[in-house]
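Go by the hints and put chain B onto chain A.
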Amino acid sequence: MPPETITIGKSEARKDGWTKASGQALYVGDIPIKHVCIGAVLRSPHHHARILAIDPSPAQMIPGVVAVITAKDIPGEKIHGPLVQDQPVLAMDIVRHMGEPIALVVTEDKTAAEKALAAIQVEYEPLPAVFDAEKALQPGAPQVHPGGNLLCEYDVSDGDLQEGFSQAEVILEETFQVPRISPAYLEAESSLAYFDEDGTLTVVVSSQKPFDDRHHIAMTCGLQDEQVRVKSAVVGGAFGGKEDSELHILAGLAAWITKRPVRFLNNRWESFLAHPKRHPATLHYKLGAKADGTLIALEALVHMDTGAYASYGPAVGGLLTEMVQGAYHIPNLRVLTRVVYTNSPYSGAMRGFGSPQAHFATESMLDILASRLAMDPLELRRKNILQPEDHFFTRVQVGDTARSLPLILAHADQARQRLRQLPAAPGKQSGVGFALSLQSMGLGHRVPDDSTNRLEWSPEGRLIVYLGSPELGQGMQTAVEQIAAETLGIPYQIVDTIDVDSRISPNGGVTCASRMTYLLGNSVILAAHKLTEETLNYAARTLNLPRAKLEYRLGQVILPDGRQMPVSEFCGRAAEDGIVLGASATFSFPYPAERTPEHLPIGMPHMMHAFGANVVRVEVDPELGTVEVKDMVAIHDVGRVINRAGVEGQVEGGAVMAMGYALYEDVCLKENQRWVDSFTEYLIPTARDIPENIEVILLELPELSGPFGVKGIAEMGLVPVAPAIANAVFEAVGVRARELPITPEKIALSLVEG
Amino acid sequence: MTINAHPELPEFDYIRPATLEEASRFLSDHAGEARPLLGGTDIFVRMRDGFWHDKYLVDVKNLDGTDNLHFHPTAGLTIGAGVNMNRVMTMLEVQQYYPVLAEACRSVASYQLRTRATIVGNLCNASPAGDTIGACMLYDGVLKVHGVDGYRDEPLKTFFLGPGKTVLKPGDIATAIQLPRPPAGSTGTYIKLGRNTWSDLSIVGVTALGSREPASASGYSFHVALASVAPVPLEVPAVHSYLSENNITPEAFIEAARLAQQACNPIDDVRGSARYRKAMVKKLTEKALLITLDRLEGRE
Chain A
10 MPPETITIGK SEARKDGWTK ASGQALYVGD IPIKHVCIGA VLRSPHHHAR ILAIDPSPAQ
70 MIPGVVAVIT AKDIPGEKIH GPLVQDQPVL AMDIVRHMGE PIALVVTEDK TAAEKALAAI
130 QVEYEPLPAV FDAEKALQPG APQVHPGGNL LCEYDVSDGD LQEGFSQAEV ILEETFQVPR
190 ISPAYLEAES SLAYFDEDGT LTVVVSSQKP FDDRHHIAMT CGLQDEQVRV KSAVVGGAFG
250 GKEDSELHIL AGLAAWITKR PVRFLNNRWE SFLAHPKRHP ATLHYKLGAK ADGTLIALEA
310 LVHMDTGAYA SYGPAVGGLL TEMVQGAYHI PNLRVLTRVV YTNSPYSGAM RGFGSPQAHF
370 ATESMLDILA SRLAMDPLEL RRKNILQPED HFFTRVQVGD TARSLPLILA HADQARQRLR
430 QLPAAPGKQS GVGFALSLQS MGLGHRVPDD STNRLEWSPE GRLIVYLGSP ELGQGMQTAV
490 EQIAAETLGI PYQIVDTIDV DSRISPNGGV TCASRMTYLL GNSVILAAHK LTEETLNYAA
550 RTLNLPRAKL EYRLGQVILP DGRQMPVSEF CGRAAEDGIV LGASATFSFP YPAERTPEHL
610 PIGMPHMMHA FGANVVRVEV DPELGTVEVK DMVAIHDVGR VINRAGVEGQ VEGGAVMAMG
670 YALYEDVCLK ENQRWVDSFT EYLIPTARDI PENIEVILLE LPELSGPFGV KGIAEMGLVP
730 VAPAIANAVF EAVGVRAREL PITPEKIALS LVEG
Chain B
4 MTINAHPELP EFDYIRPATL EEASRFLSDH AGEARPLLGG TDIFVRMRDG FWHDKYLVDV
64 KNLDGTDNLH FHPTAGLTIG AGVNMNRVMT MLEVQQYYPV LAEACRSVAS YQLRTRATIV
124 GNLCNASPAG DTIGACMLYD GVLKVHGVDG YRDEPLKTFF LGPGKTVLKP GDIATAIQLP
184 RPPAGSTGTY IKLGRNTWSD LSIVGVTALG SREPASASGY SFHVALASVA PVPLEVPAVH
244 SYLSENNITP EAFIEAARLA QQACNPIDDV RGSARYRKAM VKKLTEKALL ITLDRLEGRE
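Residue numbers (my numbering), protein chains in the order written: chain A, 10 to 763; chain B, 4 to 303.
Do not rely on the hints blindly, as some may be mistaken.
Computed, partial: chain A to chain B, Cβ under 10 Å [to be verified]:
#1 Thr-120
#2 Glu-123
#3 Gly-634
#4 Cys-677
#5 Val-685
#6 Thr-689
#7 Leu-692
#8 Pro-694
#9 Thr-695
#10 Glu-754
#11 Lys-755
Think about it this way: if two alpha-carbon atoms lie no more than 27 Å apart in a straight line, the pair counts; the simulated DSS-like pairs of lysine-lysine are [unchecked claim]:
#12 A:Lys-119 to B:Lys-58
#13 B:Lys-281 to A:Lys-679
#14 B:Lys-290 to A:Lys-639
The hints are simulated quantities; they were obtained by calculation from the structure and are not laboratory data.
For glycine and all other residues, C-beta sits at the position ideal for the given N, C-alpha and C.
Same shape as in the complex, but just chain B:
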């Protein structure tokens, strides 16, 4: 139990490499004391509070392609690491094809903060509470990562290892998140429960995504991801299976919500107890599925 001794952000060296290669090399050479910097909305708070003590912050914005925000009709959406959330959520194609991502961005803090905060930063920070992570997971996101050995892909499904922990190694820089084009007409919602109307971190977050799926028994495909109720952002495959195999009825959503509740493993903290979180996962999953169905059916 120690108290941060100094009341302000500690000193660090700001590194601005010219190329990704240079950046990866620097980060790898200074493993444990250097960290890639995007918007900084988490890094600076963690450093000020004394949790992180990096000597170097390596600014990877504005490097090769990290400023790109691009939609391709077949390949889908590429969001560069340096693209802020306001830019993402106001892009027409995002609103049209990835409405759940736009909704998740809108739930993040305030306009001012979102001019700094990035989706890729949200992913790499790997907080179980990350608001945009669920949408990226459900849209089958794949991170483009530049390491000392060049580029590789990291699918989000296997990316998260624990609170703040990912498969990234020293020298790795996530340069973009790629989201394939979702099935036509797919839609969903992100519901965030906080202690106040908007600005708090989530007590529970539920992302739901649905589409018509002629190949499944139910004729639908539903996916659900949960925030703040497990050590990692949590997709619940059981919900997908259940709702693919069973008729879509209000009762089926209740059962699916129960499966989501079963899958989560929350903790007690200042924002809410594990008991409350479990209860809310059930309520909110059901609600998110109902909203998703309404939107699929054009009722909203």
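Just chain A, same shape as in the assembly:
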């Protein structure tokens, strides 16, 4: 049992819960601002075309139009991109995907915006387009960028593949395909730019990385970073899809050029076409094993379609490569991953960041092998799970985190036995499947991976946390407040958080990569210790006592005679003296030199990992092919639970999101060469599709470097679910899904036609 705590581990109520549930929270679209103009984007109707001419003048004549902006009007950098500078702010000579921005209109009302967009004259010369990563690499394929369609390639191996396969008694080859999916957050991308009371260009963003947005806005406008102020609005979900600055750059640019306040709200189809998706991929696996199930060798060739622009494609490719190994010891392993440009809407960061793709293939492959060897899939896994002394094929030692694996398997086995007892509804066939998962935390070696946050005592003795990274709705703020409260020994209720505002907040980096509770928590603990020290120094000066005679305990300063004075007394006094009792601290993700392999490309390897599993029971209608997920048990090692309700919510939310990946979602091209770009055709799970009960089992094997033992949780709840569903479908009706989503059609036709 963990020791008694003040707040850690408790399901404290979220402080943003009430305003969100009651509709009072101010998202970008809700912020009241006088005389705000409408910003709208003219987007490419072509997948790939040369722009021969743009004539904005007919639009400029329309009453109510403040400005029409094209690439020519950009005062600063015309190209941007988070990792690779390949994306025009506004298209100049070429459009590379449907929905690419070509021009902006700033208008006083909606009608004028509509008319203006229709009035801009653009002359296109359509070009041949390519939508498939493998085809894009063939000779003669349409070239998306001058440097060729191969954006980057990872070739990582360990052991001797040839030797491995020569020892194998069974060799399997399979190809898996996963679709392009949308983060489908409630709030589409949005941005509001205006000039604040000091006349500073201010952009309120719905974003995972306001400080990076600021940099890109400043570059585009030809300004210095500090000439732009960014503020984080309440964010209506992000899931990786709000790591790209595109819309914030457009908003900042529009306001800077017109000197008017401008608001951009993407519609859903714009979100589908012009913001990042999860990468579609084809994964070809060759797996060698002994007849007893011992894994010997794996060779994986992966093609990822990153679409028209790189976005975070290179980093996703890197992590996908690392995740192919999953939770298993495979002595001879090679992964070759190619990240390829096409004329599809661009893909980038999305919850799991390559891991869901890799896991669908790896965990399906394991079940295929078990079936071939007539082994229990769980026993096959038990035989091959990583041990603490093992190394990943990146040569990072697995370490203590692997101790969770036998426990996870034991829970999974129990859940499986229990779910197998449940009868199927008449006419349905029941199947139970499961999958293990591996997920890393952090951005990877040699990528700046820090978090800076600030704590202050307010004059009335409340603790204020200045977050350096935005809360996205996932509950990080609550976790950080609990960690701060626990560290300082004060009630959670007297901790307040200030959202990111570049004028007053430290730069804490991007909210992403399952790293925030770990990183922020550590930073806040460091800051809390500094704050305690500062408080005691101030108390010593005020009381005219030596510092060494004072102690801090549970929000009280303990005097030499044992008397206690509440910190609030000193806070008030300090404020009168014009002193702020505050402290900032930076925590950097540890990449210890003695343990960190140096032979890999930038962003690799990741050093911290956690394991989990998902067990599902499905009922399949063998005639219609429909799949219902009836029961789900999620088992995850989170190191330490900070807020139980929050962690359970993350796991459940991830599981439900992954049901969409497994069963429904696909941003694909339709017969008419348009993308699926609305919820009429793009299905996401509804309350009626999800199981009534998702059981969440949380293991707490502490990470020694983590705050109170924390690992991470944001992504891994999603990772094992799609392969678990595929494996359950196989048990139910004997159909092996090698392709997501597993639609009724695929199952029914495969049952009919074999």
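Chain B in isolation, oriented as in the chain A frame:
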């Protein structure tokens, strides 16, 4: 290939006429730029997506009788154009005498949407996927239509011309759907196959209605209508003939299902391929007939 330029619902004038005459006149005078509005669950989506560009939406709810929902023991059921689906499906007489219509309503989207969606709107929208159309057809529905020349009746059997196309002309307003009282004990089912449990549009929809019919050789009368597998909502008369003339056996249902499969002509789209739809028409027709028979025999 164009993309809707504007990310929101375009502006339009909302017209609220005082009488049906006024409404018909306005719609006729503004042919091609005005459209009658009921629940708006399709109109607003189509307008937002840039498929429809009407300047005027003419609200015909609350006009003379359009809010009526009335059952008469001999004449049958009259559902006013403005009556929403939740109201229809919770009406006791609907559940008792028109259970298939109630079941079809229940399959439409969500409770919230059904507080706006109307049966008459579903009919006039003339989507081949319309969930309640099959039931209205099989219950021998007749639309009451008000045009510039006054009232007339339009039987549903000849109402649909193509996807979104009907016999209605500018100025025509469907004010109600009338369903005669069905034979005593008649029952059936609506089976909807979607990609998910409930909320998707149908890949295939099958409506079946049956009753005892002493005058037929089989002693039964069965009717089947199909959704999402042809340019129009499709009734399959061959099923009725076959099951009237042949003994009702599981084999006869298989043959009837094959006839339904033969009659349909689906397309490929995001929800499913023509091949899958054809296969499912057969499965679901057989299933719907079996359920109908079970219900007729009181086995369910």
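For each hint, the structure was consulted:
1. At its closest, the beta carbon of Thr-120 of chain A sits 6 Å from a beta carbon of chain B; the interface hint therefore holds under the 10 Å criterion.
2. For Glu-123 of chain A, the interface hint holds, since its Cβ comes within 10 Å of a Cβ in chain B; the closest pair sits about 4 Å apart.
3. For Gly-634 of chain A, the shortest C-beta to C-beta distance to chain B is roughly 8 Å, which falls under 10 Å, so the interface hint holds.
4. A distance limit of 10 Å between C-beta atoms decides the matter here; for Cys-677 of chain A the minimum to chain B is near 7 Å, and the interface restraint holds.
5. Evaluation of the Val-685 of chain A hint against chain B yields a held restraint, the C-beta minimum of about 6 Å falling below 10 Å.
6. Satisfaction of the interface hint for Thr-689 of chain A is found here, the shortest Cβ-Cβ separation to chain B being roughly 7 Å, below the 10 Å cut-off.
7. Hint status for Leu-692 of chain A relative to chain B: holds, with the closest Cβ pair at about 5 Å, below 10 Å.
8. Because the beta carbon of Pro-694 of chain A sits about 7 Å from the nearest beta carbon in chain B, less than 10 Å, this interface hint is met.
9. Taking 10 Å as the C-beta cut-off, the interface hint given for Thr-695 of chain A holds, the closest approach to chain B being about 5 Å.
10. Because the closest C-beta pair between Glu-754 of chain A and chain B is about 4 Å apart, less than 10 Å, the hint holds.
11. Among the interface hints, the one on Lys-755 of chain A holds; its C-beta lies about 9 Å from the nearest C-beta in chain B, closer than the 10 Å criterion.
12. About 16 Å separates the Cα atoms of Lys-119 of chain A and Lys-58 of chain B, which keeps this hinted pair within 27 Å; it holds.
13. Annotation: proposed proximity of Lys-281 of chain B to Lys-679 of chain A holds, straight-line Cα distance about 20 Å (limit 27 Å).
14. The hinted pair formed by Lys-290 of chain B and Lys-639 of chain A meets the criterion: a straight-line CA distance of about 23 Å does not exceed 27 Å.
Of the numbered hints listed earlier, not one is contradicted by the structure.
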